[in-house]
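Undergrad: Residue strings, one per chain:
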Amino acid sequence: MNAYDTALLDVLDQPAMAPHAVVPRPIVELSWLPAIGRGPLAVTVTLAAVLLATSFYRLNHTDLWTHLNFGRWIVENGQLPVVDPVRPPAVAGTAYATTAWLSQVLAYFCHSVAGAEGLPLAHVSLVVATSALVMWAVRAQGLAVGWVVAAAAASYILALPVVGTIRPQLIGVVCFAAVLAGLAQSTTRRIASLWVPLVFVLWANAHGSFAVGLLLLACWCVGTSVDAWRASGSWRAALTDPQARRAWSLAIASTIATCVNPYGPRLLVEVAGFSGHATLADISEWQPLVIGSLSGGLFFGSLAITAVLLRLSPRPIRFHEVLCLVAFGLLALTAIRMLAWWALVWPWVVAPHCAAVWRRQVSAAGLREASAPTTTRTLASIAFVFVALVWAPPTHALVTGTWRQEAELVSGDTPVFLADEVQWRQLAGRLFAPMDWGDYLAWHTRGALRPVVNNSVHLITPPVWRDYRTVTEGRSAWRAVLDHYRIQYLVVSRERSPELLSAVLADQRSRILYQDQKAVLAELLPVENVVNEPGHGAGMGRIQETGAKSANSEI
Amino acid sequence: MKTRFLRRLMPLALLLTACGLYRAAAARPDASIAVERQEPWTISPRYDDPRVATDEQLHQVLQRLMPPAGAPNTNTLVHALRLWGPAADFGSDAIASGARMREYYLDDHQFQKLAGADAPPLWSIERDGVRARPWEAWDKDRDTGSVHTDDLLATLAEIGTPLNQRVITRSGPTTVGTLLQDTMRRFHREQHEYEWSAISYARYLFPTTEWRNRWGQKITVADVVDELLAQPYSNGVCGGTHRLEALVVLYRADEQARVLSRHERKKIVARLAEVSRLLVAAQHADGYWTRRWLSGRPPATNAKTDLYERILLTGHHLEWLALAPPEVQPPRETIVRAGQWLVRAMLEIDPQTLASHYGPCSHAGRALCLWRSQEPYIAWKAGRNES
Numbered sequence: 001m002n003a004y005d006t007a008l009l010d011v012l013d014q015p016a017m018a019p020h021a022v023v024p025r026p027i028v029e030l031s032w033l034p035a036i037g038r039g040p041l042a043v044t045v046t047l048a049a050v051l052l053a054t055s056f057y058r059l060n061h062t063d064l065w066t067h068l069n070f071g072r073w074i075v076e077n078g079q080l081p082v083v084d085p086v087r088p089p090a091v092a093g094t095a096y097a098t099t100a101w102l103s104q105v106l107a108y109f110c111h112s113v114a115g116a117e118g119l120p121l122a123h124v125s126l127v128v129a130t131s132a133l134v135m136w137a138v139r140a141q142g143l144a145v146g147w148v149v150a151a152a153a154a155s156y157i158l159a160l161p162v163v164g165t166i167r168p169q170l171i172g173v174v175c176f177a178a179v180l181a182g183l184a185q186s187t188t189r190r191i192a193s194l195w196v197p198l199v200f201v202l203w204a205n206a207h208g209s210f211a212v213g214l215l216l217l218a219c220w221c222v223g224t225s226v227d228a229w230r231a232s233g234s235w236r237a238a239l240t241d242p243q244a245r246r247a248w249s250l251a252i253a254s255t256i257a258t259c260v261n262p263y264g265p266r267l268l269v270e271v272a273g274f275s276g277h278a279t280l281a282d283i284s285e286w287q288p289l290v291i292g293s294l295s296g297g298l299f300f301g302s303l304a305i306t307a308v309l310l311r312l313s314p315r316p317i318r319f320h321e322v323l324c325l326v327a328f329g330l331l332a333l334t335a336i337r338m339l340a341w342w343a344l345v346w347p348w349v350v351a352p353h354c355a356a357v358w359r360r361q362v363s364a365a366g367l368r369e370a371s372a373p374t375t376t377r378t379l380a381s382i383a384f385v386f387v388a389l390v391w392a393p394p395t396h397a398l399v400t401g402t403w404r405q406e407a408e409l410v411s412g413d414t415p416v417f418l419a420d421e422v423q424w425r426q427l428a429g430r431l432f433a434p435m436d437w438g439d440y441l442a443w444h445t446r447g448a449l450r451p452v453v454n455n456s457v458h459l460i461t462p463p464v465w466r467d468y469r470t471v472t473e474g475r476s477a478w479r480a481v482l483d484h485y486r487i488q489y490l491v492v493s494r495e496r497s498p499e500l501l502s503a504v505l506a507d508q509r510s511r512i513l514y515q516d517q518k519a520v521l522a523e524l525l526p527v528e529n530v531v532n533e534p535g536h537g538a539g540m541g542r543i544q545e546t547g548a549k550s551a552n553s554e555i
Numbered sequence: 001m002k003t004r005f006l007r008r009l010m011p012l013a014l015l016l017t018a019c020g021l022y023r024a025a026a027a028r029p030d031a032s033i034a035v036e037r038q039e040p041w042t043i044s045p046r047y048d049d050p051r052v053a054t055d056e057q058l059h060q061v062l063q064r065l066m067p068p069a070g071a072p073n074t075n076t077l078v079h080a081l082r083l084w085g086p087a088a089d090f091g092s093d094a095i096a097s098g099a100r101m102r103e104y105y106l107d108d109h110q111f112q113k114l115a116g117a118d119a120p121p122l123w124s125i126e127r128d129g130v131r132a133r134p135w136e137a138w139d140k141d142r143d144t145g146s147v148h149t150d151d152l153l154a155t156l157a158e159i160g161t162p163l164n165q166r167v168i169t170r171s172g173p174t175t176v177g178t179l180l181q182d183t184m185r186r187f188h189r190e191q192h193e194y195e196w197s198a199i200s201y202a203r204y205l206f207p208t209t210e211w212r213n214r215w216g217q218k219i220t221v222a223d224v225v226d227e228l229l230a231q232p233y234s235n236g237v238c239g240g241t242h243r244l245e246a247l248v249v250l251y252r253a254d255e256q257a258r259v260l261s262r263h264e265r266k267k268i269v270a271r272l273a274e275v276s277r278l279l280v281a282a283q284h285a286d287g288y289w290t291r292r293w294l295s296g297r298p299p300a301t302n303a304k305t306d307l308y309e310r311i312l313l314t315g316h317h318l319e320w321l322a323l324a325p326p327e328v329q330p331p332r333e334t335i336v337r338a339g340q341w342l343v344r345a346m347l348e349i350d351p352q353t354l355a356s357h358y359g360p361c362s363h364a365g366r367a368l369c370l371w372r373s374q375e376p377y378i379a380w381k382a383g384r385n386e387s
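Chains H and A are the protein sequences, given in the same order. First residue of the first sequence? That's 1 in the working numbering, and the numbers climb one at a time after it. First residue of the second sequence? That's 1 in the working numbering, and the numbers climb one at a time after it.
These aren't lab readings, by the way, just hints derived from the structure by calculation. Mixed in with the good hints, there may be bad ones.
[Stated by the list, open to error] Just a few of them, taken from the derived set where beta-carbon distance is under 10 Å, the chain A residues facing chain H:
id: 1; residue: D128
id: 2; residue: H192
id: 3; residue: K218
In this text, a Cβ means the ideal position worked out from N, Cα and C, and glycines have one as well.
Extracted from the complex, chain A is given alone in its bound form (with noise of 0.2 Å):
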């Protein structure tokens, strides 16, 4: 009777058995994603065309780009940082050096020197990790918080800084390696900007490719890269420009990287190249591009933009241009008349406005640089050398 009952409990017993087993063997996941590399990618500007803008006229150009004095508002510092890099130094207590500016960033210290010691600190730890306090527009301290998603990660990238660099915040000392980590585990598909967030992994991560967000979700490049092609432009930070910049970096980095397939390259160039195309088509006569860009038709001629307006789109698309590969590149002649018309309006733009619009112009002024592949506090250098 008993040994009948053992009998009957065995399919059970050797089911449990294997399940057993089966959990043994099974590989727990592990939390920490894997990044490779400490140094970002470098993407070096592809070409040099003084036709686009000539050595005096874009030290005139950069000369007006000098990082602003006054309340630091972190938007602007981070253009300015971007543009002029962390080893310019103006020579004057009153401009922010480079290295002052990357401080304000790494360094909570450095940051409270600049914006008050009651400013509330710019990374904080929170319950899924190291955040940086956004930009909300009832907030009294906005001018400090960061405005887009990941764009401080971002620009630390651009300026080659290490994963190992530490970031000093009030609650503690972290590292940028702790910073990209944390972003990489909140970012999901839903995610409102993704523009910073992709140059960020495309500069850091690569060749990691995937990973798996706090959600549990399994996150690709290749998921990234559709999202990027997936949303209208026009829904997009200043005009949708900064998805195009993402996907030149992220075609950049792969260049080095290898890890992208060859379809999801294709998908970027083609992109890239039809772009190009309604940019041809939508310039006007003057060389700049508006909001309209989309259209693919150039802007009547009494229309009303604002200056600053045809600045930031023409500047942001001459931007990525300099970086993107020769097969999606317009003819030179659209790049040509753009940059003299950018030349002429960074020379023309009253103090006032561009003071109020320092982040478009920066970007105005690192497109020139970068057509000329020199870097700007280089180029700057030179020019105040030679007068």
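With the rest of the complex left out, here is chain H (with noise of 0.2 Å):
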């Protein structure tokens, strides 16, 4: 067991609010120094620890790069997008909402600043104050600092499989964070009142999670309704009851707040209609939790311990929690990606009954002796702080003035020299490419080169996307497609679409510009300008034709 975890637990008698009891012996004192408890001392290793562990996550090419470069757009164009500005006008889809502006320009902002170092330097910001919102939201709820600490710690392990994603979501998740300590305080305190609202403004700015919000919101009126109905036996009684009433007013006004956006109240018709999009069953992250995965593990492990936790726990279970591990629950099992929302609720649920079970546990055996805040322990909270800062990279970074190269902050798969060559021939034009390379390269060409296809799938319509998997599985009519979508410059991943390699490689209107172990780039001619070469391929002759039809007519 380390020092942590020790820490842990010695705090976990520690009543919640109450004041140290103070024992003098001090180790080293220091006048000029504040003293802290091992509370703080707890809180302040976890919250290292946390920045130490996300500092090492790579920049992974979900959406990062799509939404910089929607950022990048609404800085330059002074307005929000009508279609999506990455992929060519004639393609683009239909109009949508951008749902997370904010979180782009933010990002584009962090970027312009940074360099590529600024964003991983966002992802341990907004990673670190989801802990801290975390801690807060439970602590918020009169437990220790102990259980404090170990709730913060399961909801980072929970979120492991979707922590390491830099995307708008963080923001959202942070939001989400805040909102659950803004319940918790709204039972004791009006000011939640104020400014819960106030981080849904910013959430409907940043994100269309904040509807996740809404549905947290949802449950916690409900769930305290019910709870006045149980304990007064009457609904008229429920209805004026000031903790319900505080309740729905303040989901009122956060509903109305979510408004304070670009597009006002049709967000929230935008944002209902999102998941629905027919392409996005294909994308892994929004596909049913596995019980043999990683993501399906921690969920169901979190679901046995509940059960254990809830049959065992001698506090009144309130209905508000129900329905918050029922509801959030449910839209894990649906897709992982949700699983972000029940790493959050999970252990704010759950901390109260742990703290419970343990107390009664613990009572049994007697209480153990309160320590005294020491200055020894803030220098260690001190060094602990310093040695995450200048372990982890992008702080390292960041106090060192030494910002890290990009092909250090990418993750692997991440076409890094492809970019780099892109950028020397100075490209410009329709490309076809792997939707998620797409972004990339249109954020390192600044737009030049356009994707047909990108990451923002929701924004595609299923006869593009269709064609879009026509062509990177190397179907018989790939190069029919292309040319209807008057392709100029392809890109192939040697990995994924062995098959369109082969073809590409043997197609006489191809001419490789490019090639490394990972990709390919090859230019594509015109019917017009093909002759007969040395190296265009082997010379497959013939163009087929066949299969046009799968072709879209949206040109």
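If you follow the hints, you should be able to join the two separate chains into one complex; please do so.
TA: So, in structure tokens, the structure goes:
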């Protein structure tokens, strides 16, 4: 067991908000430093550990580069896009609401200020902020610091499958944790009614996930009302219950707050329809949880713990807790991505029951003595933070002023060298590339290369999506599809599309401009430009025109 | 009140002070790559076996491999320069001397003299340093482009060009050292061709073994070795034989520089020995190899392979084997049979085929010379004097 765990156990018995029992046993007392107890030390160490653990994630090209492209476009044009600005206008699809415009602009701002290093810095900042808010949310329920720390740790572990990806949802996660804290605080303090709606204003502009915040509020309101009804036995009493009224007014104010965005109330409609896009079914993070996966293991493991705890807990189970577990549990089951919300709700609901079970056990054994605040702990916490800052790569870069370069920051599958080549050649025009690479290449060419398909899958129509699959799978109609979209440059992933690669290398109208062990970049020549030259593939000669009808008619 | 506030700020002040001190003490990464030597490592042949090729056979073969006249082709000249060396002088204006061929790569004026004033420059200074113009199929000037990544630099290393040698580009003067630094900064672990990069690094770079590329990645020579070992040979240029050559050059340069770990050296030897075993099994009864050498089975007697392809594979294999350490050598009988087949083939091949496949044929000539531990130009001159 390490020092962190010991500190955790030592503070488990401290009553919430209670002053520390002072035992004058100083080891090092420095009058110019404030003294802290084990609780603040444990919190500091946990946050430092979260910072460190998060700092080693690399920039994953899920939809990160899409958002950066959008952010740049918004900043440069001073308006919100009506259609996807990354893709060629003819295939950019229908009008849509940019639900994440604020976080896209903030991400672009981070990149502009600190280069690519700004993104991991933003990532660790948001994850640390989330952990801190989870701690606050649990603490606001009146739990001891030990449970606060344990809840933050549990939340981080549960979110492991999704925490490594930097995306606008992270701002949503921070907002969600803040709302949890606000709800816990609202039972004792009215100020939450003021700031929680402000959180929703931020959230509605930063990411479409504010809808899950509204769901949380709904669970809270209904749960509080039902609890009031159960306590009084009368619906009339439940309606006039001050707690329930406060909950409903908070929910109404927050819902109205979500309308403070460039689209007004229409945003709610847009967000409600988001998960219905057919193309999402092909995206792994939108697929249901599988029990054999890490996500599944964590989720079902947490469910098992919940069952045991609720069985043992002497604390009454409140109805909003049941609603939250059921609603967010079902959400997590439907899509891996939703695990992020479960990871926040679960410790918040379960921690009070853990504490109750623990209290019952420990009260039988007798309480342990609390320790006095010391400046030694203050020094220790400074040391922990310092070590985390200089060890974690993004903060190390910040401390030393030596920014890392992009190849050190991005995930292994990112086509860094291809992007460099594309920049060097100053390529511009229509591009067909694996969807995640398309955004990255568009970002590096400042939008000069326009991928037909990118990570904004919810904006891609089913026919375009079918054509995308036809090409990436190297089916016989691949060339016809590309001709139909008047693609000028084709990027093939050697690993993902071996059939397409063989076809391209044999295609007379494909000029190989660049290749590395990951990707091949080809310029696609129009029919009239074909000449018999050495090196133009093996020369299959005839262009397969069959299957051209599969291309859609959006051009 | 004020004192209390200041006291609360002390932890933050301490933390910031510690970070400031750390920042002052932290080492700044150095953009330049330290290269300790100016001269490339020389890798001498190990064996002299007249059964592989007699002096007379050597002369006859070399006589057929005079640098081709006519419009220059960068790839052909690289092979000719590599075979004959910079000291070669054939006493004729029609045949490029070694010095002229070397100047073709080192001086744009000489390049323009041979390639024409309209030819785009061979070297250009790009945002990522000096680059050789790559060969591209659709380029009308492709003949004067560089066919393989870093093949020109590797050739300059092989012929003993020091790093402080001036290179006159059309954009201004530079040095071979700058070419090396720039290519090292461009090198990455996903590079498509890295055989000549590895040869350049082994000859010029040792004992330096690590650097950072322009993308910030740390590259080590061990990475380069692992890359050479990891990829299937079937993907490599000339049937994967240049990867074997690169491994041998790394190993031999390391015999002098002593920088590779024992583990890396063992891995290289194990791989070369494995290939050697395959070659014994895949050799045709006549002595040659084909592209199917990887299968470890000899080609069928009626198999249709071009003579030049057999020369290509047999020449390249004999070439790396001539430099390879004794522990990876196949039985000498295998080498002799291959050498004698190569001599016959080189004397039989028609002039047109030889001219259009000068590169592979030059490897054959060089391989035979290496197996006799003879400099091609000296062997050729000696043969001419005797005749």
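Undergrad: Run every hint past the structure and note whether it holds.
TA: Now the hints, each set against the structure:
1. D128: holds (7 Å)
2. H192: holds (5 Å)
3. K218: holds (9 Å)
Checked against the numbered hints above, the structure breaks none of them.
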